[in-house]
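> Residues per chain, in single letters:
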Amino acid sequence: MTAIIEIDNLTKRYGGRPAVRELSLEVQSGDIFGFVGPNGAGKTSTIRVMTTLLHPTAGDIRVGGHSVIKEAREVRSQIGYMPDFFGVYNDMMTWEYLDFFGACYEIPQNERKGLVEDLLELVDLTHRRNDPVEKLSRGMKQRLSLARTLVHDPQVLILDEPASGLDPRARAEIRALLLELARIGKTIFFSTHILADVAEICTRVGILEAGELAAFGTPEELQQQLMPTRRVQITVLKKLKQAMSILNKLPGVTFPENEEENGNPNKVELDFYGTDEDLSALLAKLVDGGVPVLHFTEEGRDMESVFLRATKGLVT
Amino acid sequence: MTETALPAPTKAKRRPIWSRLRDNPVVLKELRSRMRGNRAFIILTVYVGLISALVALVYISFVSSNDIGFSPDTRQIMGKTIFGLVVLAQLGMISFVTPGLTAGAISSERERQTLDLLRTTLLPGRSLVRGKLQSALVYLFLLLFAALPLQSIAFLFGGVELAELVISTFMLVVTTIAFCCAGLFFSSIVKRTLPSTVLAYAFSNMLLFGLPFMVLTLMTMLIPIIEQAVFSGSNEIAELFFLVIAWLLVSVNPFLAAIVSEVFLIDQGDLFFSVQSVGPFSNFPVPSPWIIYCIIFLVVSFILYQISVGMVTRKEV
Numbered sequence: 628m629t630a631i632i633e634i635d636n637l638t639k640r641y642g643g644r645p646a647v648r649e650l651s652l653e654v655q656s657g658d659i660f661g662f663v664g665p666n667g668a669g670k671t672s673t674i675r676v677m678t679t680l681l682h683p684t685a686g687d688i689r690v691g692g693h694s695v696i697k698e699a700r701e702v703r704s705q706i707g708y709m710p711d712f713f714g715v716y717n718d719m720m721t722w723e724y725l726d727f728f729g730a731c732y733e734i735p736q737n738e739r740k741g742l743v744e745d746l747l748e749l750v751d752l753t754h755r756r757n758d759p760v761e762k763l764s765r766g767m768k769q770r771l772s773l774a775r776t777l778v779h780d781p782q783v784l785i786l787d788e789p790a791s792g793l794d795p796r797a798r799a800e801i802r803a804l805l806l807e808l809a810r811i812g813k814t815i816f817f818s819t820h821i822l823a824d825v826a827e828i829c830t831r832v833g834i835l836e837a838g839e840l841a842a843f844g845t846p847e848e849l850q851q852q853l854m855p856t857r858r859v860q861i862t863v864l865k866k867l868k869q870a871m872s873i874l875n876k877l878p879g880v881t882f883p884e885n886e887e888e889n890g891n892p893n894k895v896e897l898d899f900y901g902t903d904e905d906l907s908a909l910l911a912k913l914v915d916g917g918v919p920v921l922h923f924t925e926e927g928r929d930m931e932s933v934f935l936r937a938t939k940g941l942v943t
Numbered sequence: 151m152t153e154t155a156l157p158a159p160t161k162a163k164r165r166p167i168w169s170r171l172r173d174n175p176v177v178l179k180e181l182r183s184r185m186r187g188n189r190a191f192i193i194l195t196v197y198v199g200l201i202s203a204l205v206a207l208v209y210i211s212f213v214s215s216n217d218i219g220f221s222p223d224t225r226q227i228m229g230k231t232i233f234g235l236v237v238l239a240q241l242g243m244i245s246f247v248t249p250g251l252t253a254g255a256i257s258s259e260r261e262r263q264t265l266d267l268l269r270t271t272l273l274p275g276r277s278l279v280r281g282k283l284q285s286a287l288v289y290l291f292l293l294l295f296a297a298l299p300l301q302s303i304a305f306l307f308g309g310v311e312l313a314e315l316v317i318s319t320f321m322l323v324v325t326t327i328a329f330c331c332a333g334l335f336f337s338s339i340v341k342r343t344l345p346s347t348v349l350a351y352a353f354s355n356m357l358l359f360g361l362p363f364m365v366l367t368l369m370t371m372l373i374p375i376i377e378q379a380v381f382s383g384s385n386e387i388a389e390l391f392f393l394v395i396a397w398l399l400v401s402v403n404p405f406l407a408a409i410v411s412e413v414f415l416i417d418q419g420d421l422f423f424s425v426q427s428v429g430p431f432s433n434f435p436v437p438s439p440w441i442i443y444c445i446i447f448l449v450v451s452f453i454l455y456q457i458s459v460g461m462v463t464r465k466e467v
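Quick note, the sequences are listed as chains G and E, same order. Under the numbering used here, the first residue of the first sequence is numbered 628, with each subsequent residue one higher. Under the numbering used here, the first residue of the second sequence is numbered 151, with each subsequent residue one higher.
Some hints here could point you the wrong way.
Derived Cβ-Cβ restraints for the label pairs, each shown as a range [said to hold, decoys possible]:
#1 E/Arg170 with G/Ser932: 20 to 30 Å
#2 E/Met364 with G/Asn737: 25 to 35 Å
#3 G/Ser764 with E/Phe320: 27 to 37 Å
#4 E/Pro274 with G/Leu806: 31 to 41 Å
#5 G/Leu935 with E/Val348: 43 to 53 Å
#6 E/Arg464 with G/Gly879: 58 to 68 Å
#7 E/Trp168 with G/Asp745: 27 to 37 Å
#8 G/Gly792 with E/Phe320: 52 to 62 Å
#9 G/Pro795 with E/Gln456: 43 to 53 Å
#10 G/Gly792 with E/Lys341: 17 to 27 Å
#11 G/Gly792 with E/Phe359: 20 to 30 Å
#12 G/Lys697 with E/Ala352: 37 to 47 Å
#13 E/Ile446 with G/Arg765: 32 to 42 Å
Hints are computed from structural coordinates only; laboratory data are not their basis. Backbone N, C-alpha and C define an ideal beta-carbon position, used for all residues, glycine too.
Take the sequences, apply the hints, and build the full model.
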């Protein structure tokens, strides 16, 4: 795989305040890249530099090998940009909206008609082709915006919060569309706050905090890096002391420090370093040791936990 | 291998202006939006209706005050009156409609957050501004030319030369371009449409109505001083200075430029130059105010247009 987006020591300052600090990362062709970070982390500034709207203070971004500073036009032909707002002309019909942007990308008029029909079909808006854009629902407008990003068949889609403010069904539709677009070979770079989406569809994730890259890798790699141990909760019916003595002897078991009282005297929480097989063996040891185990649960290592572990709540 | 002769290069055929206008997606989009619904046609109908009523009013007032019949002189006066009033109405229309059409051209794109989308396409910023200008001009020219048949009624009565019609139309076209460029300028430098519209209206009204008032005030204040300077010591420099200032002030207002040009046309019979004498400089030709007006306004329009393009293409820092 080759890097299609290369962010090279990007720095962006507004006045004296840094928004992005010496950010460097690469996105491979065909990736669905989730760009995650708290509000004010510098995600939108990075995206605006990448889409040639903002001039960087230092560093550069190359898209498809073209510099956003020196070859803005080439970069624009390679990217489809969907901002975190709709940006639609309400007095236009749905097909006119796509046709207009097709013309803005210099697509000849005789090719545009078929293209518009194909795009409307892709985002399931064919039945609304002659409706004014203002009559579309929020989810439909978002799908129309996504169709707009595809009019010139770009290599890279840059989407700023594509699912924000959508209802669960519309969110699922957008997610399915992104997966479909990745399947046909598009590279997708999207920023989001919805960590469930990141876990579900991203092939690679970058976590940004206070303008710096706090973590980078595949979701599995991040989990491995940031949460190497598994948090396990065990509730026993009785014989807690016996359980503790068994657990203390097992390799890979540590007990978290400064653990708050959980209110249940028969419950114990531990960090375990090991595979699923090792964890299963740990449970077997307890049962074999005559400990009546009531509950045995592992705290989820979801993206939210990874995100919380990676970030410290800093803002620029 | 045999070489196949390449076909001789053919000269690119020059396409008609309408076809070239359609190449700019912004023109097409703006015109579609503008002509959709009844609004554009209602404005056109009301505008032509008002001018028709004005012409009818002039005609009726002349007929009712000349029971016996028209003398050739009366007919000519009526022709000139109709012609002048229609031009005046057109000028009023330009100053009233143009800021409304162009003052939101760029700022409304910013407000509905589509400007960023356009700036990430291959559409150059210059094409965006040009498209906005052309689409506004197309609609305004439609309004202007819709009134031409009514203006031409003046020819039935006489007193108006074809050259006057051509010059007045040219001045109206230049004024339209200038007001459109001013609207675009304010729209590109001010982020919101409301203040941009206020500034565009202030600009057009200042130019049309504020400036003559200023000229009048200035003349009232300066004439005694100048007269004293001129008569006390034959101060030709002061007189020449006064003439240049007065000429420039007259030439930056369409009403004054048109009226003064008409006066010189009647007085000296020349459409392009007026002969003046100041002190030792006798009988030197001065370009008629309408020429200076057109040059100044075309230059100002070009500058405002270039600034607007610069503001739209400029990257955020």
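> Each hint needs a verdict: does it hold in this structure or not?
Hint-by-hint comparison with the structure:
1. Between E/Arg170 and G/Ser932, the C-beta spacing of about 60 Å breaks the proposed range 20 to 30 Å.
2. Here the CB-CB span from E/Met364 to G/Asn737 is close to 56 Å, at odds with the stated 25 to 35 Å.
3. Range check, G/Ser764 to E/Phe320: about 51 Å between beta-carbon atoms, so the 27 to 37 Å window is missed.
4. At roughly 35 Å, the beta-carbon separation of E/Pro274 and G/Leu806 lies within the given 31 to 41 Å, and the hint holds.
5. Checked against the hint of 43 to 53 Å, the C-beta distance between G/Leu935 and E/Val348 comes to roughly 50 Å, which is consistent with it.
6. Separated by about 59 Å at the C-beta atoms, E/Arg464 and G/Gly879 satisfy the suggested range of 58 to 68 Å.
7. As the Cβ distance of E/Trp168 to G/Asp745 is approximately 29 Å, the hint placing it in 27 to 37 Å holds.
8. One distance hint, 52 to 62 Å for the beta-carbon pair G/Gly792 and E/Phe320, holds here, with the actual separation near 53 Å.
9. Against the hinted window of 43 to 53 Å, the Cβ-Cβ separation of G/Pro795 and E/Gln456 comes to about 50 Å, which satisfies the hint.
10. The beta-carbon spacing between G/Gly792 and E/Lys341, approximately 24 Å, falls within the hinted interval of 17 to 27 Å.
11. Take G/Gly792 and E/Phe359: their Cβ atoms lie about 48 Å apart, and the range 20 to 30 Å is violated.
12. Between G/Lys697 and E/Ala352 the beta carbon distance is about 41 Å. The supplied range of 37 to 47 Å therefore holds.
13. Checked against the hint of 32 to 42 Å, the C-beta distance between E/Ile446 and G/Arg765 comes to roughly 50 Å, which is inconsistent with it.
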